[in-house]
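Position one of the sequence shown corresponds to residue 11 (this note's numbering), numbered consecutively onward.
The set of hints was computed from the structure by calculation and includes no laboratory data. Please note: incorrect hints may appear among the correct ones.
[To be verified] Straight-line alpha carbon distances no greater than 20 Å define the calculated DMTMM-like cross-link-like pairs of lysine to aspartate or glutamate that follow:
hint: 1; residue 1: 120; residue 2: 148
hint: 2; residue 1: 120; residue 2: 21
hint: 3; residue 1: 65; residue 2: 113
hint: 4; residue 1: 120; residue 2: 19
hint: 5; residue 1: 65; residue 2: 88
hint: 6; residue 1: 37; residue 2: 113
hint: 7; residue 1: 120; residue 2: 20
hint: 8; residue 1: 44; residue 2: 32
hint: 9; residue 1: 65; residue 2: 32
hint: 10; residue 1: 44; residue 2: 113
hint: 11; residue 1: 65; residue 2: 81
Being a predicted model, the structure only gives us computed values, none of them experimental.
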Amino acid sequence: QNGTTILLEEDSGLLISRQLLESYPEKPQLADFKNETFFVLSNSVQRTVTETACKGAGFHPQISTDFLSSETIYSFLEIGFGVAIVPAKTWNYSAHPSLVMPDIPIHADKRYIILRWRDTGNSNITAFREFCIYFFQELQRSDDIHACMQRVYSKQDR
11 QNGTTILLEE DSGLLISRQL LESYPEKPQL ADFKNETFFV LSNSVQRTVT ETACKGAGFH
71 PQISTDFLSS ETIYSFLEIG FGVAIVPAKT WNYSAHPSLV MPDIPIHADK RYIILRWRDT
131 GNSNITAFRE FCIYFFQELQ RSDDIHACMQ RVYSKQDR
């Protein structure tokens, strides 16, 4: 049987260094960051999401440049240079303890990860599909992709 399923429905969040966040009010809004540099990945919808969210907050973001890797963006953010609007779960920022995603409403479209398949009867394809569905169900229950991966892979080893 052929099918389609939504694996993940994901909001965006503002990613910032703990140190830079301390220079803002206790409960900042997105508009408070209008003078910051925003970083985005090149060739991604992240630029559109960033522009849409900032426009909704009443300003046009200063986007410095497009980067090829999230790790490059993390490096700039970790030294307190700029902010980024990123997918809240799948960007794995938890691997960078100096970065935080404060509870700031980001008004932008949700990101969807969708799996489509054609049933060929191949047991490897079926197992992979089931693994993907299980992994993303676990990710929906967690804010930490690392912890999710550890749970999923430890279960797979049994």
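Against the structure, the hints come out as follows:
A hinted pair counts as satisfied when its Cα atoms are at most 20 Å apart, and residue 120 with residue 148 qualifies at roughly 19 Å. Between the alpha carbons of residue 120 and residue 21 the distance comes to roughly 5 Å, so the proposed pair stays at or under 20 Å and holds. Restraint check for residue 65 and residue 113: satisfied, since their Cα atoms lie roughly 19 Å apart, inside the 20 Å limit. Proposed proximity of residue 120 and residue 19 is supported: the alpha carbons are some 6 Å apart, at most 20 Å.
Between residue 65 and residue 88, the direct Cα distance comes to roughly 25 Å. Violation of the 20 Å bound is thereby established for this hinted pair. Only pairs whose Cα atoms come within 20 Å are accepted, and residue 37 paired with residue 113 is accepted, the gap being roughly 8 Å. A threshold of 20 Å between alpha carbons decides the hint, and for residue 120 with residue 20 the separation of about 5 Å falls inside it, so the pair holds. In summary, the hint linking residue 44 to residue 32 is supported, as the alpha carbons are separated by about 16 Å, within the 20 Å threshold.
With a C-alpha separation of about 24 Å, the suggested pairing of residue 65 with residue 32 is violated against the 20 Å cut-off. Of the pairs offered as hints, the one joining residue 44 and residue 113 holds, with about 17 Å between alpha carbons and a cut-off of 20 Å not exceeded. Between residue 65 and residue 81, the direct Cα distance comes to roughly 26 Å. Violation of the 20 Å bound is thereby established for this hinted pair.
Violated hints, listed in ascending order, are 5, 9 and 11; each of the other numbered hints is respected by the structure.
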